[in-house]
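Working from the sequences, and respecting the hints, build out all of it.
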Amino acid sequence: MAKRKAPDEHQSEAWNELPWRKLERHVYRIQKRIYRAKQAGKTRAVQKLQKLLMKSEAARLLAVRRVTQDNRGKKTAGVDGVKSVKPAHRLTMAEMIHPKYHKWYKPRPARRVWIPKPGKDEKRPLGIPTMLDRSLQALTKMVIEPEWEAIFEQNSYGFRPGRSLHDAMSQVHQYTRQKEKYILDADIQGCFDNINHQKLLSKIQTVPIIKHLIEGWLKMGVMNEERGFEPTKAGTPQGGVISPLLANIALHGMEHDLKQAYGPKEGYPQIVRYADDFVIFHEKENGILKAKKVVEKWVKEIGLELKPSKTRFSHTLRPYEGNVGLDFLGFTVRQFSVGKHKASRNRSRKLGFKVIIRPSKKTVKNHIAETKRIIRKHRTSPQAALIAELSPVVRGWANSCRTQVSRRTFETCDHHLWRQLMRWAKYRQKGGTQKQMEKKYWKDGKFTANERYRLRMHSETRIIRHIKVGGSRSPYDGDRAYWSKRLRNHPMLKTEQGILLKRCLGKCIYCGLDFRDGDILEVDHHIPLHLGGKDTLDNKNILHRHCHDQRHVEFKKHTQEHE
Numbered sequence: 230m231a232k233r234k235a236p237d238e239h240q241s242e243a244w245n246e247l248p249w250r251k252l253e254r255h256v257y258r259i260q261k262r263i264y265r266a267k268q269a270g271k272t273r274a275v276q277k278l279q280k281l282l283m284k285s286e287a288a289r290l291l292a293v294r295r296v297t298q299d300n301r302g303k304k305t306a307g308v309d310g311v312k313s314v315k316p317a318h319r320l321t322m323a324e325m326i327h328p329k330y331h332k333w334y335k336p337r338p339a340r341r342v343w344i345p346k347p348g349k350d351e352k353r354p355l356g357i358p359t360m361l362d363r364s365l366q367a368l369t370k371m372v373i374e375p376e377w378e379a380i381f382e383q384n385s386y387g388f389r390p391g392r393s394l395h396d397a398m399s400q401v402h403q404y405t406r407q408k409e410k411y412i413l414d415a416d417i418q419g420c421f422d423n424i425n426h427q428k429l430l431s432k433i434q435t436v437p438i439i440k441h442l443i444e445g446w447l448k449m450g451v452m453n454e455e456r457g458f459e460p461t462k463a464g465t466p467q468g469g470v471i472s473p474l475l476a477n478i479a480l481h482g483m484e485h486d487l488k489q490a491y492g493p494k495e496g497y498p499q500i501v502r503y504a505d506d507f508v509i510f511h512e513k514e515n516g517i518l519k520a521k522k523v524v525e526k527w528v529k530e531i532g533l534e535l536k537p538s539k540t541r542f543s544h545t546l547r548p549y550e551g552n553v554g555l556d557f558l559g560f561t562v563r564q565f566s567v568g569k570h571k572a573s574r575n576r577s578r579k580l581g582f583k584v585i586i587r588p589s590k591k592t593v594k595n596h597i598a599e600t601k602r603i604i605r606k607h608r609t610s611p612q613a614a615l616i617a618e619l620s621p622v623v624r625g626w627a628n629s630c631r632t633q634v635s636r637r638t639f640e641t642c643d644h645h646l647w648r649q650l651m652r653w654a655k656y657r658q659k660g661g662t663q664k665q666m667e668k669k670y671w672k673d674g675k676f677t678a679n680e681r682y683r684l685r686m687h688s689e690t691r692i693i694r695h696i697k698v699g700g701s702r703s704p705y706d707g708d709r710a711y712w713s714k715r716l717r718n719h720p721m722l723k724t725e726q727g728i729l730l731k732r733c734l735g736k737c738i739y740c741g742l743d744f745r746d747g748d749i750l751e752v753d754h755h756i757p758l759h760l761g762g763k764d765t766l767d768n769k770n771i772l773h774r775h776c777h778d779q780r781h782v783e784f785k786k787h788t789q790e791h792e
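Numbered according to the numbering used here, the sequence shown spans residues 230 to 792.
These are calculated hints, taken from the structure and not from any lab test. If you're wondering where the values come from, they're calculated on a predicted model, not measured in any experiment. All clues stand as given, with none of them false.
Here are the simulated distance ranges between beta carbons:
| no. | residue 1 | residue 2 | range |
| --- | --- | --- | --- |
| 1 | 680 | 728 | 16 to 22 Å |
| 2 | 496 | 625 | 39 to 45 Å |
| 3 | 640 | 606 | 21 to 27 Å |
| 4 | 407 | 657 | 51 to 57 Å |
All C-beta atoms, glycine included, are put in the ideal place defined by N, C-alpha and C.
And the structure:
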């Protein structure tokens with residue numbers, strides 16, 4: 230990459246004063262045109278628009294902002310040790326990822342880190358690229374994602390804009406609510422680490438410069454602290470901005486080819502895929518056995534294989550090979566037989582079964598273990614500190630399960646949580662009775678420190694059914710009103726955020742743009758708390774994270790001018 234001079238100090242203000250609203254609208258217009266051109270089969274038009282977007286200053290600025298301001302891992306360094314980029318250097322970075330410099334560009338190896346898998350003793354590898362590599366990956370993803378969103382299969386849900394775990398579970402419910410079915414529950418062994426590079430690149434039919442960049446990222450290698458540099462001969466490095474999209478591209482076509490292997494008399498299989506985890510349903514035993522053979526052959530062609538420990542056969546209603554129902558994405562899905570209902574005086578009809586989807590035992594166990602860990606960590610902390618850390622965990626987990634049959638599960642979790650909190654209270658005041666502890670730490674039956682800190686229990690979360698995303702709809706289809714409404718009603722949003730989103734009609738009050746799926750939101754106090762503002766909804770607004778940062782910069786500058 231060509232070297233450039235250090236930016237002037239005035240460029241810091243220049244970054245903050247950029248017309249972000251105008252830039253986002255410009256980029257979205259081109260993405261929408263790419264999406265529609267791909268749907269219409271206009272390959273040449275798609276490639277011309279991708280070149281245009283790759284050169285666009287608006288796209289480059291937004292890519293840098295996404296990596297340096299919005300991304301949750303913005304303070305994680307790559308092999309160059311850069312943890313953050315100041316506003317004065319962001320403009321330079323946006324210029325450095327221009328296509329005219331790509332002939333000098335060579336990606337640096339990703340920094341290898343190991344993180345624990347949730348609820349397991351195992352660890353999974355992450356490859357952390359440098360800030361510059363992340364910015365160029367974000368730009369490339371912005372360019373090619375609309376093209377693939379136009380052709381991705383309807384029942385693919387993981388790591389896609391506008392499609393969530395809850396959409397996948399709603400599709401599972403639709404497939405199981407009317408008939409008994411055999412199940413193939415499968416997972417791909419080391420999907421991200423073993424994808425065949427040549428097979429993946431052969432699927433990506435885009436302009437040569439973009440394909441060359443993707444090939445560079447696939448083969449850039451990793452830097453391990455213990456073993457030094459290691460080349461990557463297969464797989465997409467987890468941790469990169471573009472890696473989830475590349476994995477979805479590699480697995481694209483599984484649903485189509487699976488159905489092509491069946492005839493009308495056999496009945497077609499039904500598949501729901503969330504990233505590398507998928508489940509297949511079929512009404513006949515022979516059909517589900519055939520599905521496994523077809524899928525094993527399909528994944529082998531792209532250098533993958535099914536994980537034996539996570540691949541099993543089952544049935545939705547009755548035991549099959551020692552299994553009944555399935556555990557998928559943290560939920561247990563089963564059909565339960567129901568009794569008889571009198572349809573008339575002399576006749577009765579059997580209703581058959583009812584589908585029940587509830588949080589799996591493993592998920593509940595891991596959550597209870599997590600609350601126990603937090604409470605033990607705060608044995609000597611004030612009650613307010615304990616509530617401040619525990620409350621988001623309880624609320625977030627309950628929100629993630631609120632779309633299914635979770636009422637009894639919430640009551641069970643509340644029972645365990647109450648016992649954990651009572652042990653915490655008795656440890657702090659040894660010799661005290663239960664009534665004394667309740668009087669000191671519980672106000673009106675609620676674990677409360679003061680007006681601001683009160684623990685919200687699981688059962689206080691209201692069950693709300695999730696409405697599945699319609700067909701093959703995508704955020705790039707241009708219907709921003711539809712997607713803004715879905716965001717306001719998304720079950721993963723906190724109650725407070727949901728109220729604020731509805732109040733502002735799904736628009737950021739700072740920049741005026743609609744909130745989109747994938748945007749990171751921040752709750753902002755109109756009058757800061759340190760200046761006497763109240764921590765109430767009347768004093769709160771919801772903004773983009775970058776808008777929130779910008780507002781605080783302007784507020785601080787305005788305060789200094791008036792001192």
